[in-house]
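Here is what each chain is made of, one letter per residue.
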Amino acid sequence: MSRKKTDLRIILRIFPYFAGEKKLFLTGFFSMMLVSAANIVDPLIIGHIIDVIVPAKDMKQLFLFAGLFVAVIALSGVLAYIQTIAMARLGVSIITRLKKDLYEHMLKLPISYFDKNPVGSLMSRVESDSENVMQLFSSFSIMVIGNMLFFLAMVIVLLFKNAQVTLTIMIPIPFLFAAALIMINYLKRYFKKVRELNAEIIAVLTEYIQGIFIVQLFNREIMASNILDMKSKKKFTVEKNAAMLEYSFWSLYGFTIEILFIVMVILLLSPKVIAGAITVGTLVIFIQYGRRIFEPLIQISENLNMIQRSMVSLARIFSILDIKDERVMFHDSVKPEFNEAIVFEDVSFEYKKNEPVLSNIRIEIKKNKKVALVGASGSGKTTTVLLLCGFYHPTKGKILVDGQDLRAADIYQWRKKIGLVMQDIFMFPGNILENVRIYNDEITKEMVLKSLSQVQLDESVMQGESVYRELSERGQNISTGERQLLSFARALVFNPEIIILDEATSSVDPRTERRIRDAMHDMLKDRTSLIVAHRLSTVLNADKIYLFQDGRIIAEGNHAQLMEKSEEYRKLVKLQFLTKDEDEN
Amino acid sequence: MKMKIDKHIIWIWRNLWSNYKRFIVLLVFITMLSTAVSVSYPFIFKLLIDKFAEIAENRALHPEPMKEIYRIIWIFVIIGIVRIFAGLYPGFRAYMNLVFEYILRKKYFGEILRKDYKFFLKFRTGDLVTRLTEDLSDFPKICWFSCSGIFRAFDSFSKIVFSLAMMAALSWRLTLISILPLPIMVVIFLITSEKLYKRFKLNQEAISEINNQLEMTFSGVKIIKAFVCEEKYRRFFKKTLDRKFDTQMDVVKLDTQLHMVYQYIDQFAQIGVILFGGYMVVVGEISVGTFFAFYTYLAMLVYPMLDLPQLFVSGKQAFVNIDRLEEIKEFPSTPPSSGKKRIEKVDSIIFKNVSFGYEEREDGILRNINFEVRRGERVVIIGPVGAGKSTILSLLTGILKPTRGGIFINGTSVEEVEMSSFREKIGYVPQEPLLFSGTIRENIEFGLKEVKEDAYREAVSVSQIEKEIEGFMDKDRTMIGQRGVNLSGGQKQRIAIARALIRKPEVLILDDITASLDAENEEKLWREIGRIFKDITCFIVSHRLSTIRYVDNVVFMEAGMLVGKDKHEKMVDRFESYRDYIQERTKK
Chain H
1 MSRKKTDLRI ILRIFPYFAG EKKLFLTGFF SMMLVSAANI VDPLIIGHII
51 DVIVPAKDMK QLFLFAGLFV AVIALSGVLA YIQTIAMARL GVSIITRLKK
101 DLYEHMLKLP ISYFDKNPVG SLMSRVESDS ENVMQLFSSF SIMVIGNMLF
151 FLAMVIVLLF KNAQVTLTIM IPIPFLFAAA LIMINYLKRY FKKVRELNAE
201 IIAVLTEYIQ GIFIVQLFNR EIMASNILDM KSKKKFTVEK NAAMLEYSFW
251 SLYGFTIEIL FIVMVILLLS PKVIAGAITV GTLVIFIQYG RRIFEPLIQI
301 SENLNMIQRS MVSLARIFSI LDIKDERVMF HDSVKPEFNE AIVFEDVSFE
351 YKKNEPVLSN IRIEIKKNKK VALVGASGSG KTTTVLLLCG FYHPTKGKIL
401 VDGQDLRAAD IYQWRKKIGL VMQDIFMFPG NILENVRIYN DEITKEMVLK
451 SLSQVQLDES VMQGESVYRE LSERGQNIST GERQLLSFAR ALVFNPEIII
501 LDEATSSVDP RTERRIRDAM HDMLKDRTSL IVAHRLSTVL NADKIYLFQD
551 GRIIAEGNHA QLMEKSEEYR KLVKLQFLTK DEDEN
Chain A
586 MKMKIDKHII WIWRNLWSNY KRFIVLLVFI TMLSTAVSVS YPFIFKLLID
636 KFAEIAENRA LHPEPMKEIY RIIWIFVIIG IVRIFAGLYP GFRAYMNLVF
686 EYILRKKYFG EILRKDYKFF LKFRTGDLVT RLTEDLSDFP KICWFSCSGI
736 FRAFDSFSKI VFSLAMMAAL SWRLTLISIL PLPIMVVIFL ITSEKLYKRF
786 KLNQEAISEI NNQLEMTFSG VKIIKAFVCE EKYRRFFKKT LDRKFDTQMD
836 VVKLDTQLHM VYQYIDQFAQ IGVILFGGYM VVVGEISVGT FFAFYTYLAM
886 LVYPMLDLPQ LFVSGKQAFV NIDRLEEIKE FPSTPPSSGK KRIEKVDSII
936 FKNVSFGYEE REDGILRNIN FEVRRGERVV IIGPVGAGKS TILSLLTGIL
986 KPTRGGIFIN GTSVEEVEMS SFREKIGYVP QEPLLFSGTI RENIEFGLKE
1036 VKEDAYREAV SVSQIEKEIE GFMDKDRTMI GQRGVNLSGG QKQRIAIARA
1086 LIRKPEVLIL DDITASLDAE NEEKLWREIG RIFKDITCFI VSHRLSTIRY
1136 VDNVVFMEAG MLVGKDKHEK MVDRFESYRD YIQERTKK
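Which chain is which? The protein sequence lines are H and A, in order. Heads up, the first sequence is in this note's numbering, so the first residue is 1 and it goes up one at a time. Heads up, the second sequence is in this note's numbering, so the first residue is 586 and it goes up one at a time.
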């Protein structure tokens, strides 16, 4: 019962989408009514020919009725066309809007949402789910409503022809409806299971195709194939059973309707026809209508899987639209000003409850200073950076920018001040130009070229093909170092106030690193920078270094100070070859 | 155009039908049975109506009219029982669709698993997944079309033929009038079908474009947010959506127009029947029952007639999807090696005049690389960005193939080596640690059978991940991936190391793991490897000079060329560029 209610609520929520398309909807609805009316008329014409025209041998009337028939057909054809186009248009535009709304909403969702949901499933939320919904709201809904009306009209005509017989043959209808509903409900469970298994198959495919080279290198092609096979087989079995059950049921059902129903009509009407109480034409009308009376139900049931899928999809879409966006996370009012310092005030953070990643850290980043975070991997450095970008909120404590809580800031304005270079560099599909400006056409080609030359990447990466050189998925056709440099160019082209390099230096070889350091040196002079690195050589000249361990800061100061006072820091430095090198020099 | 259809039909026969001949025959039989049932209804109605006419005409000849009616009803019931069986056949069709889906997914996933890097440069993951899921299972795509679709067409066809046969038997003159419009239908179909195919393709392209945009948005969401480009992406997506709106409406319009024209044609045949049939009844040439039967047959023909072109339409769509599947298979991909020689023990690996480049230039990445590594030797490959370090590893593992020159294992060219036997000896740790959904332990074992507890413990402890695993609530049964814990980059990397080490490899390949392995862990790792895997041959790409401490020899690369290979101290003596490189790196 509660499920029914949620179903209803979901359907009600889609109505605003119809509201914008009133004209289309009314056009479709009207033409559908007329089509139904035309469909009602044609058995009546045949009945009339049999009962009146043939016995009277009235050729004139025959021509008249044939003409009438032509008119009815021509009209209903045009109307059916209008109806189909109007409904398709309605469906497609509703779904286009739904997709647009969904996409725009998703862009506003907090990063934590994207952490939890793999890209593949996000994609199918927008694309496949919306498409599923379309079927429900275009041709299908109209077909159902049309058939319902048709059913009503048929019953009325039959009642006029012979009320007693009509009422008698109506008796089994509620039972047949009930049986169908029970079956439909039973089958729902199967379909749900099939959908789940399908999602699993998608997950397996995505993972193993992404990890294909690992699979190949470890000679695990057969294993991968078997894992898919197992899931695939499971889905096959469930779906097969559902199909068998479904069609066996409808086969029996069809027998009941077509045979018993018509036999009933014949049995009830024959004595009357023989007695001359009703005409053969009436019998024909009964038979013709009788076979159509269950069409709506059969159509609904044939499309049951589709309806179910649409409802699930719609529910999923709305549940995403219900997720609060980032603007709720941040109060979104104060325009952030950064002139003095960013302060992490006793900040703690956990991704999962009771698994703290950061505990009570205090960091101060003064304007135009270079601050470095060092420490073992997994000690919370990256998380610190993500907090500063406003991707997450501290679980405890505050991040203050010039004394103003970041939580109260307009987060978009804040991010505009930041140039981020991430640990795993994401490459967009497309060419170098678009990858540097991330498809933001406010950034001109000249600006891109300039930033590329700032990181001294213009020659090597373009390979004589200019900025329009296409990159393959994940930038696999350029080296890791080049990718790294591209991501620097990306940060630079937006001319940020603050530059954040997250573990960026670690995958670049020393020579390139020096190249970047040289190139960035000038800019960092007038900028604030926060650098996360395992390697210490890049951060030696930092104004302040914070040493992280297990989510805490265990030491802070510049290189010289830390060398003096921190055992852990000395250990780290020693491990990195640095002491030895210093001796040599 | 004719050729195109033939090609796809042959594909369906070869890949799907030929293995299920008996089932296909059964389907043909049931389809005809179901047609027979449908076609018999109007005939029985004709009997019934004529019977009433007879009775009305001469009541005296029919003393017990109801008895005769009952006889007709019995025929009905018998046919109805046959119908129960025949009615199952959509179920059989669905069963077959599912079988097809299953075997195609298996087959083409197998194809994908055998592809080389070129393939994956061209095809994106999301796209491949679509081809193996939606393209197969959705209505009216490949699997639906290959069985349900074709059999529905056959069903329609046989209904048309049977009905026409019955009509001809009843009155051939009236039949002729009814089929007059048929040639017009064929002409219209031929004219429009090419157009439809084109529109479908455009629509399909628009869908792909949407998917590509979605993928790049969601994969790069952090960057998009960090640089506040949401607004741009919104506009971008809207444009794509608008384009799809148009392509989709184009398809719907043409489809509906076709539908309408066909319906008209059929209905005008019905008018012919009303006029001429009515006339024939009036003049007594045919009975009222025959007239009614004709009318019913024609009405019955509407749906099959509409269905047939519809099926060609969905056929076109399915054919596009079949092409997309075949594209996977046809994409040229050289197998890692066709050799037969098994590698039992790796004694030496030699690169001889190896060059490599992607499409544009055949030595664009590596030029004339020569070096030899012997059993038990540890080498670190260092050099500036873009020098081709990782490419050497990919060539070694057979992920890439040299465009010139050759790689020799124990003196045998890789081309003659059974690649899988060589790969069994390799422990590979990629730059970006890639793990799969499952438990930590499953990831480390990665399909290895009968792993001894000791071996597992050893791999985990050498990889410096033991303590962290113990720290998780479910220990090594902790799920990772989509529904599991979030591991840090370093943790993932060390699990990937354990995954390589548990196989007790003879050759260990580490592709720049310094990114997520801190100095302390690296030190421990090498100490343990030295202790436990004494004889292991190592190839390491590293940017951290400290790695030099743990290896025998250094390979120095610059701009796609190998400068030299020797001990660190000797390299410093021998090569100025190496000296500069090291100095530049260590200078303050």
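Do not take every clue at face value.
[Stated by the list, open to error] In silico lysine-lysine, DSBU-like type, Cα no more than 35 Å apart, as pairs:
1) H:Lys417 to H:Lys445
2) A:Lys636 to A:Lys691
3) A:Lys817 to H:Lys234
4) H:Lys352 to H:Lys571
5) H:Lys324 to A:Lys636
6) A:Lys1052 to H:Lys231
7) H:Lys161 to A:Lys636
8) H:Lys188 to A:Lys817
Hints in this document: simulated from the structure, not taken from any laboratory.
Those earlier numbered hints the structure runs against, lowest number first: 2, 3, 5, 8
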